[in-house]
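Asker: Make a model of the complete structure from these sequences and hints.
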Amino acid sequence: MNEVREDEGLVYIETGDGSITLADRETGEWYHNSAGAFKESLVNYAEPAMAFLRAENYPEQLALLDICFGMGYNTFTFIETLMQAELPGSAIETLSIKAVELDKSLIPAMIKTLEQSVYPTLNSSGLSDAIVEMLKELLEEETCQGQGKDKGKVTVIPQGVSSIGKIVFEIRFEDLRLCLPGLLADERQYYDLVFHDPFSPRKFPQFWTLDIFLIYRKLLKENSGKLFTYSVAGAVRSALALAGFSVYRTRALGRKTGGTLAVADAKESNDFRLEMFPVELPGSSAFSSDLFFVLDDNELEKLTPRAALPYRDPELKLDRASILRNRQNEQDLLSPNLKQSS
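If you read the sequence shown in the working numbering, its first letter stands for residue 1333, the second for the next number, and so on.
Be aware that a few hints might be false.
Said to hold, decoys possible - Have a look at the derived ranges for each label pair, beta carbon to beta carbon:
(1) T1426 with R1386: 16 to 26 Å
(2) G1350 with N1602: 41 to 51 Å
(3) E1473 with P1637: 46 to 56 Å
(4) Q1660 with D1461: 44 to 54 Å
(5) Q1491 with N1389: 16 to 26 Å
(6) E1473 with S1620: 45 to 55 Å
(7) S1456 with E1600: 40 to 50 Å
(8) A1417 with G1458: 14 to 24 Å
(9) K1485 with K1553: 17 to 27 Å
(10) S1667 with R1386: 39 to 49 Å
(11) V1626 with T1359: 29 to 39 Å
(12) K1553 with P1646: 22 to 32 Å
(13) D1629 with L1665: 22 to 32 Å
(14) E1469 with D1518: 22 to 32 Å
Honestly, the hints are just simulated from the structure, not real lab data.
C-beta: ideal position from N, C-alpha, C; glycine also.
Answerer: So, in structure tokens, the structure goes:
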């Protein structure tokens, strides 16, 4: 990483591919891999999602749920990649995106992300301008009134992009755990894709619980819905398997391990077993690429009973300390003489 600069109380840094990222003020964690913020969103989210869309001939109605939206890279990179793809005719009639982010102070960072040269099609289509205008209105209301709206929505017919008829983008500034029950009431089996991108499980276990993944499983379309995340933690992968997902590894960027793909095509279970993880890739042409892999022996060996214990928050209201303490107590009951495993 290179130049560090501060603007409106946010600390920006240039990553390896020239795109910018932020340092979180509470945790000190950088939002993105030092290899590149744009590149990370491309490798972990956009490219894997596109592989499935190509294999499935692009649905007419495509819905994405982007959780912990942050600076917006995952969604913006996905849209840019989709717009640049050679789709057959107006392959996608409506692209619907719902973004959820807790921190409203990130609005200036979202705008800066969109202003970068890595999004030429997004900018020329008019979508970038529409989103920026909506975000600025939310920011102005917050500044002038002390409390503005907690959500914004734009609908755009992208200019110069024949393969997507309409894009509907909505952002909600809300705690994920407060938002999900409402989505479940209105949008069960609605989403094709979930991008799950909170800070690390050890820092924010409340966003990585089995209970959240169970809700995702119900929000995603049966058999075809996909969840993508950067995390490879045992507690995350085991929770996904227990929630009814088939779990795979995605290609790595700037580190030895990749991310995680979870496909909503398995059954929910109360009993964790290594046999829950697929031993071979499905026959879909999407899996013929070099983007997806079954978990290797080394990854499976790390899924010990202690490490595989998921974080739990059945009522979606426990604080971080309580979730970590409860998991530690469960681990101690399993093997009291062993040190804690992540």
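Asker: Determine for every hint whether it applies to the structure shown.
Answerer: Quick rundown of the hints versus the structure:
no.	hint	result
1	T1426 with R1386: 16 to 26 Å	holds (19 Å)
2	G1350 with N1602: 41 to 51 Å	holds (47 Å)
3	E1473 with P1637: 46 to 56 Å	holds (50 Å)
4	Q1660 with D1461: 44 to 54 Å	holds (49 Å)
5	Q1491 with N1389: 16 to 26 Å	holds (25 Å)
6	E1473 with S1620: 45 to 55 Å	holds (49 Å)
7	S1456 with E1600: 40 to 50 Å	holds (44 Å)
8	A1417 with G1458: 14 to 24 Å	holds (19 Å)
9	K1485 with K1553: 17 to 27 Å	holds (22 Å)
10	S1667 with R1386: 39 to 49 Å	holds (45 Å)
11	V1626 with T1359: 29 to 39 Å	holds (32 Å)
12	K1553 with P1646: 22 to 32 Å	holds (25 Å)
13	D1629 with L1665: 22 to 32 Å	holds (28 Å)
14	E1469 with D1518: 22 to 32 Å	holds (25 Å)
Checked against the numbered hints above, the structure breaks none of them.
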